[in-house]
Amino acid sequence: MAHIVKMQGMNKYFGSLHVLKDIELTVESGEVVVIIGASGSGKSTLIRCVNGLEEFESGQLTVDNRSLAPRGGNQRSLSAIRKEVGMVFQQFNLFPHLTVKRNIMLAPIKVKSTREADAEKTALRLLDRVGIGNQAEKYPSQLSGGQQQRVAIARALAMEPRLMLFDEPTSALDPEMIGEVLDVMRELAKEGMTMMVVTHEMGFAREVADRVIYIHEGQIVEQGQPDAVFDNPQNERTQAFLSRVLSH
Amino acid sequence: MEFQFEFDWQAAINSLPFLLKGIPYTLLISFGGLAIGFVLGILFGLLSLNKHRALKWPATAYIEVFRGTPILVQVLFIFYGLPDIIGAPIHPLVAGIAAIALNSGAYISEVVRGGVQSIDRGQTEAGLSLGLSRSQTFWAIIWPQAFRRMIPPLGNQAIVSIKDTSLFSVIGVGELVRQGQVYIANTFTAFEVYFAVAVLYLIITLSLSLVLRFFERRGLGSA
Chain S
1 MAHIVKMQGM
11 NKYFGSLHVL
21 KDIELTVESG
31 EVVVIIGASG
41 SGKSTLIRCV
51 NGLEEFESGQ
61 LTVDNRSLAP
71 RGGNQRSLSA
81 IRKEVGMVFQ
91 QFNLFPHLTV
101 KRNIMLAPIK
111 VKSTREADAE
121 KTALRLLDRV
131 GIGNQAEKYP
141 SQLSGGQQQR
151 VAIARALAME
161 PRLMLFDEPT
171 SALDPEMIGE
181 VLDVMRELAK
191 EGMTMMVVTH
201 EMGFAREVAD
211 RVIYIHEGQI
221 VEQGQPDAVF
231 DNPQNERTQA
241 FLSRVLSH
Chain R
1 MEFQFEFDWQ
11 AAINSLPFLL
21 KGIPYTLLIS
31 FGGLAIGFVL
41 GILFGLLSLN
51 KHRALKWPAT
61 AYIEVFRGTP
71 ILVQVLFIFY
81 GLPDIIGAPI
91 HPLVAGIAAI
101 ALNSGAYISE
111 VVRGGVQSID
121 RGQTEAGLSL
131 GLSRSQTFWA
141 IIWPQAFRRM
151 IPPLGNQAIV
161 SIKDTSLFSV
171 IGVGELVRQG
181 QVYIANTFTA
191 FEVYFAVAVL
201 YLIITLSLSL
211 VLRFFERRGL
221 GSA
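Residue numbers (the working numbering), protein chains in the order written: chain S, 1 to 248; chain R, 1 to 223.
These are computed hints drawn from the structure, not numbers from a lab.
Here a beta-carbon is modelled for each residue, glycine too, at the ideal position from N, C-alpha and C.
It cannot be assumed that every hint is accurate.
Said to hold, decoys possible - No more than 20 angstroms apart at the CA atoms, straight line, and that leaves these computed lysine to any residue pairs for SDA-like:
no., chain 1, residue 1, chain 2, residue 2
1, S, Lys138, R, Arg217
2, S, Lys110, R, Glu125
3, S, Lys110, R, Trp143
4, R, Lys51, S, Glu54
5, S, Lys112, R, Ser135
6, R, Lys163, R, Lys51
Stated by the list, open to error - Cβ-Cβ distance ranges computed for the label pairs, FRET-style:
no., chain 1, residue 1, chain 2, residue 2, range
7, S, Gly15, R, Arg134, 21 to 27 angstroms
8, S, Ser39, R, Ile203, 55 to 61 angstroms
9, R, Ser133, S, Tyr13, 24 to 30 angstroms
10, R, Val94, S, Gly15, 49 to 55 angstroms
11, S, His3, R, Ala54, 39 to 45 angstroms
12, R, Asn156, S, His200, 43 to 49 angstroms
Unchecked claim - In silico negatives: residues of chain S with every beta carbon more than 12 angstroms from chain R:
no., residue
13, Phe14
14, Asp22
15, Ser39
16, Asn65
17, Gln90
18, Leu94
19, Leu124
20, Arg129
21, Val208
22, Asn232
23, Ala240
Work out the full structure: start from the sequences and follow the hints.
Put into structure tokens, the structure is as follows:
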């Protein structure tokens, strides 16, 4: 299988803080990779590097056969990558001045010059797919958190991305709404979408992930199939982390 | 001789036709100046948000100079001072509009800067992550939201500028106050006429407030 993301010896600093240390990571097309770790471990920063929302200081990053150089790199490969990579944020980041439908139509119209009518058709189809086809004309503030996050997923899908990044997509949600968002993500995974997911939902990770990666203080400490990582973690830091989050 | 004063309504009413001749000038200077000031404000406000020092510096200088000096001095400088340099007289209307434009432009720059900065970073990140360019992200996502938040302070600035035009009586523009002064010089009814002048300003500013409130209410769906 062809790899879609490849990180080689990637390092990132926030000032003097070394947040990503010699990251080596390859994501295959069609793979679902779930990244876990304590808050502040660098897991969000890692996936934010993939679409250039964060710059890195050294190493190599290739996304969809386009390389992103350290410190910003070139604008053309960056915008090419962003067209191919969708992102879902913890805080949804929907556009509050646009209706739900317009939120989804904006990027195809602006970036791909899709015709208005076609963009609308796609938007309505995607809204149906995430289970809120009847909310198209509402504004984001009129929806629940779970609905807003599903709109955000639909908005990213409208660009027909080859890779979806999820940055703690359920962390800002009330507990009763987490399920509906995870259901949509589960469906996406089943349909073969390549996904990198940062999450604290260990049940989701175990069930949906092809591979689980544990990050500790900016380093990939352990990775493998979910059952292996969750049931038989090799690294003592992974063991400590899992015993903290899995203890019921 | 006894001191007795009665408000002479008739005198106030009689002055109105003469005073009203000043209103077109007051409105022309106010809104002409504000329109240019708005353009200057967007331009310098956006420049002041720029990362590059070379672009940011002129904006900061402009804002500090025109916010830090009195508008009366500015208009006197333009009307009496500048002709010495350019070698031609400046029409008082032009001087008035220029003063309002430059002065309000400095304040509006700050309104624009504050409005844009008040929008959450996540909005920019969402736009960029969808593949929009920086300028597309700004004009389609950030600006419409920022502008909505800018309406109340912009209205405030418009009202301040309308009242500032009263200072331009000193350069002989026949605006509202100047008309009042001329009328009083012939009739000696200062109390009544200035009262009428004040009421006319109030009518202009209150109408503007009403219009602005209407626009603010229409802002459905804003965060």
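What hint numbers does the structure not satisfy?
6, 17, 18
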